[in-house]
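Please build the complete structure, drawing on both the sequences and the hints.
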Amino acid sequence: MNEVFVICNQLGHYWGKAKAWVDGRDPRAVQRCRHRDEAVNLLFELSAKNVELRGEVIAAQLNPRGEPVLEVSQTPLPQKAAPDESPETAAATGEPSPAIPSDSTEA
Numbered sequence: 002m003n004e005v006f007v008i009c010n011q012l013g014h015y016w017g018k019a020k021a022w023v024d025g026r027d028p029r030a031v032q033r034c035r036h037r038d039e040a041v042n043l044l045f046e047l048s049a050k051n052v053e054l055r056g057e058v059i060a061a062q063l064n065p066r067g068e069p070v071l072e073v074s075q076t077p078l079p080q081k082a083a084p085d086e087s088p089e090t091a092a093a094t095g096e097p098s099p100a101i102p103s104d105s106t107e108a
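Once you know that position 63 of the sequence shown is 64 in this note's numbering, the rest is easy, because the numbers rise by one and skip nothing.
You may find that some hints are simply not true.
Below, simulated DSS-like cross-link-like pairs (lysine-lysine); rule was C-alpha separation at most 30 Å, straight line [stated by the list, open to error]: (1) Lys81 with Lys18; (2) Lys18 with Lys50; (3) Lys81 with Lys20.
Pairwise CB distance ranges, derived in the manner of DEER restraints [said to hold, decoys possible]: (4) Gln80 with His36: 31 to 39 Å; (5) Phe45 with Pro79: 21 to 29 Å; (6) Asn64 with Gly13: 17 to 25 Å; (7) Arg37 with Gln80: 28 to 36 Å; (8) Arg26 with Arg55: 15 to 23 Å; (9) Pro79 with Lys18: 13 to 21 Å; (10) Arg29 with Lys81: 18 to 26 Å; (11) Glu72 with Arg35: 16 to 24 Å; (12) Arg55 with Lys20: 15 to 23 Å.
The set of hints was computed from the structure by calculation and includes no laboratory data. Virtual Cβ for every residue (Gly too), placed ideally from N, Cα, C.
This is the structure in structure tokens:
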């Protein structure tokens with residue numbers, strides 16, 4: 002088989018094996034489907050979870066190492082939201098820690 006099918010979104014990113022969008026720099030990380038109908042079903046599932054998704058199934062040729070030949074996306078990947086920082090982390094970065102309410106009845 003000389004080609005596989007991959008899912009590409011409107012930003013040029015590819016659906017990855019880790020169930021996240023990747024930019025195509027590492028073709029080993031891109032989810033591949035041997036059959037077009039598998040890729041269409043996967044795209045349908047993804048678009049059901051995200052109505053903003055405008056994806057397409059693309060046939061990609063395989064290189065001699067068996068990896069898909071892909072065009073790397075010029076659009077940067079979205080950054081993941083940072084979890085709330087603990088006070089220790091904020092102190093280490095020089096950010097002020099949240100104010101601790103004091104009891105104003107004491108003199």
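Here is what the structure says about each hint:
1. Among the hinted pairs, Lys81 with Lys18 is consistent with the structure: their alpha-carbon atoms are about 17 Å apart, no more than 30 Å.
2. Restraint check: the Cα-Cα separation between Lys18 and Lys50 comes to about 17 Å, which is no more than 30 Å; the hinted pair holds.
3. For the suggested pair Lys81 and Lys20, the alpha carbons sit about 14 Å apart, so the restraint of at most 30 Å is met.
4. Look at Gln80 against His36: about 34 Å separates their beta carbons, and that is inside 31 to 39 Å.
5. Between Phe45 and Pro79 the beta carbon distance is about 22 Å. The supplied range of 21 to 29 Å therefore holds.
6. Separation of Asn64 from Gly13 is about 19 Å and conforms to the stated range, judged on CB atoms against 17 to 25 Å.
7. Between Arg37 and Gln80, the C-beta spacing of about 32 Å keeps the proposed range 28 to 36 Å intact.
8. Taking 15 to 23 Å as the suggested C-beta distance range, the pair Arg26 and Arg55 conforms, at roughly 22 Å.
9. The hinted window of 13 to 21 Å between Pro79 and Lys18 holds, with their beta carbons roughly 18 Å apart.
10. The beta-carbon spacing between Arg29 and Lys81, approximately 21 Å, falls within the hinted interval of 18 to 26 Å.
11. The supplied range of 16 to 24 Å is met by Glu72 and Arg35, whose beta-carbon atoms lie about 21 Å from each other.
12. Hint check: Arg55 to Lys20, Cβ distance near 19 Å, so the stated range 15 to 23 Å holds.
In the structure shown, no violation is registered for any of the earlier numbered hints.
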